[in-house]
Amino acid sequence: MTLGSIRQVVEIDATPIGLNARSTPSTYSGAFDAIRNYFGAASGRPAGHFSFNTKEGQCPTCRGIGSIDLDVQYLPDINVECPTCHGARFNDETLAVRVDGLTIADVLGLTVREAVERYAAVPTIVRPLRPMVDVGLGYLKLGEPTPSLSGGESQRLRIAARLRSSQRDVLYVLDEPSTGLHPVDIRTLVGVFDRLLSDGATIIVIDHDLDVLAAADHVLDMGPGGGPDGGRVVARGTPAEVAADPHSVTGPWLAAHSAVVRAPSN
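The sequence shown runs 125 to 390 under the working numbering.
Keep in mind the hints are simulated off the structure, nothing from the lab.
The structure presented is a predicted model; accordingly, all values stated were derived computationally and were not measured.
Please note that the accuracy of each hint is not assured.
[To be verified] Derived CB-CB ranges, DEER-like:
| hint | residue 1 | residue 2 | range |
| --- | --- | --- | --- |
| 1 | ARG292 | ARG187 | 39 to 45 Å |
| 2 | ASP195 | SER322 | 50 to 56 Å |
| 3 | LYS265 | ALA364 | 24 to 30 Å |
| 4 | PRO307 | GLY349 | 24 to 30 Å |
| 5 | PRO207 | ARG131 | 47 to 53 Å |
| 6 | GLY225 | GLU365 | 55 to 61 Å |
| 7 | GLY172 | ARG356 | 55 to 61 Å |
| 8 | PRO200 | GLU365 | 40 to 46 Å |
| 9 | SER129 | ARG311 | 41 to 47 Å |
| 10 | GLU241 | VAL308 | 17 to 23 Å |
| 11 | SER322 | VAL133 | 31 to 37 Å |
| 12 | ALA364 | ASP193 | 53 to 59 Å |
All C-beta atoms, glycine included, are put in the ideal place defined by N, C-alpha and C.
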């Protein structure tokens, strides 16, 4: 990709997704619209009846949040489970409707992976959820608030939303996407990067994780120190070239990491 061929720049950082509990993986991905339509078609009711954002569907006490704030004198407000819907978000009329044995609240309690398996025959539901499984977020519940997700989860959720779009001539910039991730999740993340690259994207990653560095096509090692002691490129090239560069502080660690990865297992 050349500078002139960049069609779109996508910055993906670790800031929280959504402002409150109304933002969930199902609403962010767009799957909740398909789920509500599915419930509406099966029950003969309007799809809006199955939304916690409308008066027709939401619990009248918590107004679809699932919790309420108690005003305690001289102390900060205490957030507790709604005493009316017990966290289900919906009113009794909505919760009385079951489709395939589940209420709409039951569906929001499913993990992404469970929902993909359960609704495998409903493409409109599975299509927006599948990318979340692909980026290693299959364990998230459809209805959990996105502001509570970790920085790494938020970044991967943003990537999942992008996987449904064309990647040709798109430049991604990611800031520390490996933060807080298990090594297995980092391998999944690198696999997602490979998928984006194969689809025509270019990716710039700011990171210190050795698995991420070792998977890069080109590495820029900034230094020679951190913060005010850095600011210039001390080494550049393939991971192997940076690992062998005597000016790189990262090099010895990258070389040792690569040696461990290449070592045969007994």
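Status of the hints after comparison with the structure:
| no. | hint | in the structure |
| --- | --- | --- |
| 1 | ARG292 x ARG187: 39 to 45 Å | 43 Å, holds |
| 2 | ASP195 x SER322: 50 to 56 Å | 54 Å, holds |
| 3 | LYS265 x ALA364: 24 to 30 Å | 42 Å, violated |
| 4 | PRO307 x GLY349: 24 to 30 Å | 27 Å, holds |
| 5 | PRO207 x ARG131: 47 to 53 Å | 51 Å, holds |
| 6 | GLY225 x GLU365: 55 to 61 Å | 58 Å, holds |
| 7 | GLY172 x ARG356: 55 to 61 Å | 57 Å, holds |
| 8 | PRO200 x GLU365: 40 to 46 Å | 54 Å, violated |
| 9 | SER129 x ARG311: 41 to 47 Å | 30 Å, violated |
| 10 | GLU241 x VAL308: 17 to 23 Å | 20 Å, holds |
| 11 | SER322 x VAL133: 31 to 37 Å | 20 Å, violated |
| 12 | ALA364 x ASP193: 53 to 59 Å | 56 Å, holds |
Hint check: violations occur at hints 3, 8, 9 and 11; the rest are consistent with the structure.
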